[in-house]
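Asker: Protein chains in written order, with the numbering used here: chain A, -11 to 252; chain B, 3 to 399.
No lab work stands behind these hints: they were computed from the structure.
Keep in mind the model is a prediction, meaning the values are calculated, not measured.
Heads up, a few of these hints could be off.
Chain A stretches covered by chain B per the calculated footprint, using a threshold of three residues with CB under 8 Å from any CB of chain B [as the list claims (entries may be wrong)]: (1) 41 to 54; (2) 70 to 78; (3) 103 to 109; (4) 115 to 124; (5) 140 to 149; (6) 159 to 170; (7) 214 to 221.
Interface residues of chain B toward chain A, partial, derived using beta-carbon atoms under 8 Å [to be verified]: (8) ALA90; (9) LYS94; (10) ALA98; (11) GLU115; (12) GLN124; (13) ALA135; (14) SER154; (15) PRO156; (16) SER162; (17) MET177; (18) ASP256; (19) ALA257; (20) TYR258; (21) SER261; (22) PRO265; (23) GLN357.
The beta carbon of each residue, even a glycine, is placed where N, CA and C say it ideally should be.
Here's the letter readout for the chains.
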Amino acid sequence: MRIFVEGVGLLGPGLNGWQASLPLLAGDAAYSPTPTVVTASDLLPAAERRRIGLSVKLALAAGCEAFVHAGRDAAITATVFTSSSGDGENLHHICATLASPEREISPTRFHNSVHNAPAGYWSIATRSHASSTSLCCHDASFAAGLLDAAVQVAVNCKPVALIAYDQPYPEPLHTVRPLSASFGMALVMAPQATRHVFATLDISFLPGAASATRMTHSGLDAVRAAVPAARCLPLLAALARGATAVVVLAYGDQNHLRVAVTPC
Amino acid sequence: MQALAISHFSIVNSLGAGAAAITSALRARRSGLAACAFETVVLDTWIGQVAGLDEFRVRSNLGVYDCRNNRLAQLGLELDGYAGAVSAAREKYGAARIGVFMGTSTSGILQTELAYRRRDPQSGALPADYHYAETQNTFSLADFVQRYLGLSGPAFVVSSACSSSAKVFGHAARMMAAGVCDAAVVGGVDSLCLTTLYGFNSLGLTSRTPCRPYDQDRDGISIGEGAGFALLEKAPAQPAIDAMLLLGVGESSDAYHMSTPHPEGLGAKLAMRQALDAAGLAPADIDYINLHGTATKANDASEDKAVYGLFGAATPVSSTKGSTGHLLGAAGITEAIIAMLAIRQGLLPGGMHTQNVDPALRSNYLLENQDARVRRVLSNSFGFGGSNCSLVLGAGG
């Protein structure tokens, strides 16, 4: 499947936006893993903004940057959200409350507990009635989202935005599922060349395990390895370098994605 | 869209285990709902619980996946000859060419709720026998189903609340159209847990009686649990008269509120319209609509505006949630299968527990079973976050 990349959004440790991260992703600047800086999107009405958790902020911030970059209208663009763990902070609070004698969980915590909370807030923020899905594939959540988004672009011949995000769990869940950092990314993809397109991706789903492409910088590779959404980093690095490249993404232990990146 | 064959399906919920048991219950107008006596839950509400899960264990080589949700999944896979049918498909297409796309809302969260009660009093650590990836993680369900069936193609979980296991049909259809797989195991499982029971209660959305969809006095949902699976394959050029087909899928977003549907049913209408367009059908071609029909004030009012606006007052509609309860992430597949049973049996299932249809709701809501020729059915599933999905299913010939 060939898809056309129009816009990228990025938010992670030491990665303060796609544009700001270009030099270090291309290997031309030093990387320092400072904590992820997340700001609440001003797209949401104030009432909603007060209710959102970190994962929604990550998804909205990455999505907004990618749509500005792509020059595309979010209100009419389909979306694929993907996350390994969703809002782990919220899950922790709910499980802790349910284990206590009171068991009174807050209605806001409950409606924020759905895996598609970022998709719901995104549609409210962008006034989008377009179709939207929310996926999970554990460590392969980014690969699953990329595959599904590319398939949608190819089959429906319409643009799709992929938004991947993860946030760390608090203890005691952190010990059993250690995610080292908050991370959000977005890719706006089109079915054909437009004036905003700067690269094409030829994506193949292939059987068999394969070694995933790693980041040259050990600090960035540690982020890639420790956060499922950050498995996108080798692909973003290839886009940042602006040269032809092949990126391999693991898809579970039985499959992988091969992504051929061609700048244009 | 290209119609796909739904060559096999299996179903289990509080109405019974297997298509035959569910059909008899629908015919006999037996409800699966009972006063809540689940786990240590103290709530004045009714639920649709599947019997026997506490004693059930998942297959021993997949023991780390053992949790209520995966038990329910295995129970479903073992019914209606489903696992055997997938086995035959695996011989035909190869394990790598069959996708697994599952819907769930809460996956194995009950396992985490119970583990939190057993945290180490000193360190706060979770017990050593807690398996995060295999039970709590949202992907756990598809992972378990894929391993249970011995498949190795593309797999993921769709978790868009109560539309999850309707949307998997769309994902599978696109994956097959793109050539990523030749067939697909789709379905959904959601199981009772404290999060949804206390959560819906906190929103004031659980009824103290068996839920009464479309009733003027309806006051909320009855939560249920269940599993359903379907096997999707390419349809032959001339499908047999008794073949079951996926004809259309429509998906939209409300862009309105996280837990309240759009008051005019805007997103619902978009999804239904899209599903009809994808099927190449007009509203008059639909013989029956299985509503989302949760029995909340807001859902039924909003859905009715959308349904009446598109179909008028002629098309028979009902919600089967009075029989099964609201299966949340498993509602889409469950009601798609009930829609196929309606076609196969020539049965329009009347909604249960509803005494007086709300005069403000104008669709043709069925209170009693009717025998009828049913060839094309639409099934609605709408979820938190304003996630809407409508399916059109039909018979061949």
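Asker: Can TYR258 of chain B be said to touch chain A, with a Cβ gap under 8 Å?
Answerer: holds (7 Å)
Asker: Can the hint on ALA90 of chain B be confirmed by a CB-to-CB distance to chain A that is less than 8 Å?
Answerer: This interface hint is violated because 21 Å lies over the 8 Å limit.
Asker: Do three or more residues of the region 103 to 109 of chain A come closer than 8 Å to chain B, measuring C-beta to C-beta?
Answerer: Per the Cβ count (6), the hint holds.
Asker: Is the interface hint for ALA257 of chain B satisfied, with its Cβ closer than 8 Å to some Cβ of chain A?
Answerer: Hint on ALA257 of chain B: holds, closest Cβ of chain A at ~4 Å, below 8 Å.
Asker: Checking hints one by one. Is PRO265 of chain B an interface residue toward chain A, by the C-beta closer than 8 Å rule?
Answerer: violated (14 Å)
Asker: Given that the region 70 to 78 of chain A was listed as covered by chain B, double-check it with a C-beta distance under 8 Å for 3 or more residues.
Answerer: holds (count 3)
Asker: Return the status of the interface hint for SER261 of chain B: holds when the least beta-carbon distance to chain A is below 8 Å, violated otherwise.
Answerer: holds (4 Å)
Asker: Less than 8 Å between beta-carbons is the criterion; does ALA135 of chain B satisfy it with respect to chain A?
Answerer: Hint holds; ALA135 of chain B Cβ to chain A Cβ min 6 Å, cut 8 Å.
Asker: Any CB of chain A closer than 8 Å to the CB of GLN124 of chain B?
Answerer: Violated, because the Cβ-Cβ distance from GLN124 of chain B to chain A comes to roughly 12 Å (cut-off 8 Å).
Asker: Verify this for me: three or more residues of the region 159 to 170 of chain A with a beta carbon less than 8 Å from a beta carbon of chain B.
Answerer: holds (count 6)
Asker: Would the hint on ALA98 of chain B stand, with a C-beta cut-off of 8 Å toward chain A?
Answerer: holds (4 Å)
Asker: Would you settle whether the hint for MET177 of chain B is holds or violated, based on the nearest Cβ-Cβ distance to chain A being less than 8 Å?
Answerer: holds (6 Å)
In terms of the numbered hints stated before, the structure departs from hints 1, 7, 8, 9, 12, 22, 23, listed from lowest to highest.
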